[in-house]
Amino acid sequence: MADRILTAEMIDAIKAFIPRYPSKQAVTLPALHIVNEHLRHVPLQAVVEIAEILELHPAQVQDTLSFYGYFKQDKPAGRCRVWVCRSISCALRGADQLLAHLSDTLHLQPGETTPDGRITLEYAECLGACEHAPCILANNDLHKSVSSEQADELVKSIA
Amino acid sequence: MPDFQPVLLANVGKPDSHTRRVYEQTGGYQALRKALGMQPKDVIEAVKASGLRGRGGAGFPTGLKWTFLPQNHPGPIYFCLNADESEPGTFNNRILMEDDPHQVIEGLIISCFATQARAAYYYMRCEYPLAFQRTSAAVAECYEAGYLGQNILGSGYSLDIYMHRGAGAYICGEETGLIESLEGKRAWPRIKPPFPAVEGAFRKPTVVNNVETAACVKQIIERGVDWFKSIGVPPDPSNPRDAGSYGPKLYCLSGHVNKPGCYEAPLGITCQQLIDEYGGGVWKGRKAKAVIPGGISMGLLKGDELHCPLDFNGPGKFGCLGLGTAAVVVMDDQTQMIDVLENSCRFFSHESCGQCTPCREGTSWATKMLTRIKHGKGRLKDLDLLAEIGDTIGIMPGTTICGLADGAAWPIKNCLQKFRPELEEYIKRTNPTGWMETKPVPALQLQTIH
Ligand SMILES: Cc1cc2nc3c(=O)[nH]c(=O)nc-3n(C[C@H](O)[C@H](O)[C@H](O)COP(=O)(O)O)c2cc1C
Ligand code: SF4
Ligand code: FES
Numbered sequence: 266m267a268d269r270i271l272t273a274e275m276i277d278a279i280k281a282f283i284p285r286y287p288s289k290q291a292v293t294l295p296a297l298h299i300v301n302e303h304l305r306h307v308p309l310q311a312v313v314e315i316a317e318i319l320e321l322h323p324a325q326v327q328d329t330l331s332f333y334g335y336f337k338q339d340k341p342a343g344r345c346r347v348w349v350c351r352s353i354s355c356a357l358r359g360a361d362q363l364l365a366h367l368s369d370t371l372h373l374q375p376g377e378t379t380p381d382g383r384i385t386l387e388y389a390e391c392l393g394a395c396e397h398a399p400c401i402l403a404n405n406d407l408h409k410s411v412s413s414e415q416a417d418e419l420v421k422s423i424a
Numbered sequence: 007m008p009d010f011q012p013v014l015l016a017n018v019g020k021p022d023s024h025t026r027r028v029y030e031q032t033g034g035y036q037a038l039r040k041a042l043g044m045q046p047k048d049v050i051e052a053v054k055a056s057g058l059r060g061r062g063g064a065g066f067p068t069g070l071k072w073t074f075l076p077q078n079h080p081g082p083i084y085f086c087l088n089a090d091e092s093e094p095g096t097f098n099n100r101i102l103m104e105d106d107p108h109q110v111i112e113g114l115i116i117s118c119f120a121t122q123a124r125a126a127y128y129y130m131r132c133e134y135p136l137a138f139q140r141t142s143a144a145v146a147e148c149y150e151a152g153y154l155g156q157n158i159l160g161s162g163y164s165l166d167i168y169m170h171r172g173a174g175a176y177i178c179g180e181e182t183g184l185i186e187s188l189e190g191k192r193a194w195p196r197i198k199p200p201f202p203a204v205e206g207a208f209r210k211p212t213v214v215n216n217v218e219t220a221a222c223v224k225q226i227i228e229r230g231v232d233w234f235k236s237i238g239v240p241p242d243p244s245n246p247r248d249a250g251s252y253g254p255k256l257y258c259l260s261g262h263v264n265k266p267g268c269y270e271a272p273l274g275i276t277c278q279q280l281i282d283e284y285g286g287g288v289w290k291g292r293k294a295k296a297v298i299p300g301g302i303s304m305g306l307l308k309g310d311e312l313h314c315p316l317d318f319n320g321p322g323k324f325g326c327l328g329l330g331t332a333a334v335v336v337m338d339d340q341t342q343m344i345d346v347l348e349n350s351c352r353f354f355s356h357e358s359c360g361q362c363t364p365c366r367e368g369t370s371w372a373t374k375m376l377t378r379i380k381h382g383k384g385r386l387k388d389l390d391l392l393a394e395i396g397d398t399i400g401i402m403p404g405t406t407i408c409g410l411a412d413g414a415a416w417p418i419k420n421c422l423q424k425f426r427p428e429l430e431e432y433i434k435r436t437n438p439t440g441w442m443e444t445k446p447v448p449a450l451q452l453q454t455i456h
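Residue numbers (our numbering), protein chains in the order written: chain A, 266 to 424; chain B, 7 to 456.
Keep in mind that the hints were calculated from the coordinates and are not lab data. Watch out, some of these pointers could steer you wrong.
[Stated by the list, open to error] 30 Å max Cα-Cα, derived DSSO-like pairs, lysine-lysine:
| # | chain 1 | residue 1 | chain 2 | residue 2 |
| --- | --- | --- | --- | --- |
| 1 | B | K191 | A | K337 |
| 2 | B | K424 | B | K380 |
| 3 | A | K280 | B | K424 |
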């Protein structure tokens, strides 16, 4: 049997959500978020353990996980996920060039992580900050009206 | 700047506007006290009488929606606040949630009281970390103050608000997709009927409303029905189905304008007014070639259609789908429509939930064709195929479960109706040897960037 992956802390955090909903299955997304925050991805073994807690078949959890592009499964995302918006308002103000620039300088395709595990480059659909186009969400920080030079600065500042 | 005094945005930009202390200084939670002193059905009547229509995209009358809940149901009734805001161009909910979360929460509590909901799920997209943090803190402040929890302010009414985070899927904004997602499943919209009011979250009667709608509810209770009806436009007498467009609206202005931003104005201002009087005009002294009137799903206005009024009825008169989220995106005269259309189709093919074949295949084939055209391998015949896709996917022709496909179809349709000569010229110019080809051609590999 594979080694257990969820820590007591994660399990407690997941269980704390159960009273909020009339069904345990509704805790699926909160549980995936909790695991993702700790492990930066949700490996299959975690899916199996979440299913145990929520009294579901692992396939039910996996089905949900696979629908949402947000959760990685194969390997952890970098310490900073850099989401570059590519939707219309940002595209009109140079988002494609910005994404191409970051892709070139980091030698990454969107979805890939730097070898040092520092940065995962991602494209995003509208980040809901179109007045600041083109914009980037780097983990929890929104960067507004980002030029290529500012993007370089941002990349440098990520630890 | 026009002389309309913002109401929904009145607190935005003030120091600490997201805290309960500041919110209460400007009369916050007085509307809740007032509502709790009324009968729930009288709150519903007030909202009905105000003519408030949902701000999330469909413009359905809010009070009327609430009356669809079954009478004398044993319960529980659930309320879902739709804060999934992902329509490209739209950011008004984010601004409310970041800078005035209590206004939204007060409106939400009043709406729950009116509908006698037992619990509210506040479904927020996960790309809004600041809004999530401030709203969660505001909810906690409400429990401390007795605005939430058991026996709110001694009224006998009890309510819990639970924050629930999405995971990066546009379709979770569709109300039944949201419900499925809330239940822990893939966000596959449900066939309606039954509508959520009859059978929604956890198979119980459920109301789904938008964040801005909730903020309007709070203002209606505070300022009265007459105030709300004094703003906006009355029903069009020549259109018996029009319910009017009352109240203030948050317009999101972005793209090629000098001052992009979220502006509050009475429903019914024209696109031109919004761009010139609020947005400082098209940037670089250029002219607008095309304008999205209400989020990309709504289609496109041409540069000479900017007298279009931005009320629930206006964009429809110009061949667009509707007012949508009132997200106005301006494109200057240097913009290539092929780029706009490719961007739009790529978005919808990325976000299609994949349940309905016409939507899944239509959006992805349109994207493949547009990518090919963009890279100089287009044929005139492709435009006919695109037009066919535009005409055949969506709830309107009756081939799909939800409105995402209509949203994908409208930019295609409008682009072909209004900008076909430009697309033809592009194809002939970039594919001088193959534009008249009619035999099938292989698709290019889809490229994510470059
Ligand atoms: C594809 C699609 C996406 C939608 N996204 C949102 C959204 O992000 N936020 C929202 O409030 N409504 C969205 N809606 C509309 C909702 O289905 C629903 O009509 C709305 O939340 C009801 O609230 P309202 O009556 O207050 O507007 C979307 C609809 C469709 C078809
Ligand atoms: S129309 Fe598209 S998004 Fe909507 S249910 Fe069908 S496949 Fe899913
Ligand atoms: S289009 Fe980029 S944030 Fe909206």
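Now for the hints, and whether the structure bears them out:
1. B/K191 <-> A/K337: holds, 17 Å
2. B/K424 <-> B/K380: Status holds; Cα separation ~18 Å.
3. A/K280 <-> B/K424: Between A/K280 and B/K424 the Cα gap is close to 55 Å, so the pair fails against 30 Å, i.e. violated.
The earlier numbered hint that this structure contradicts is number 3, and it is the only one.
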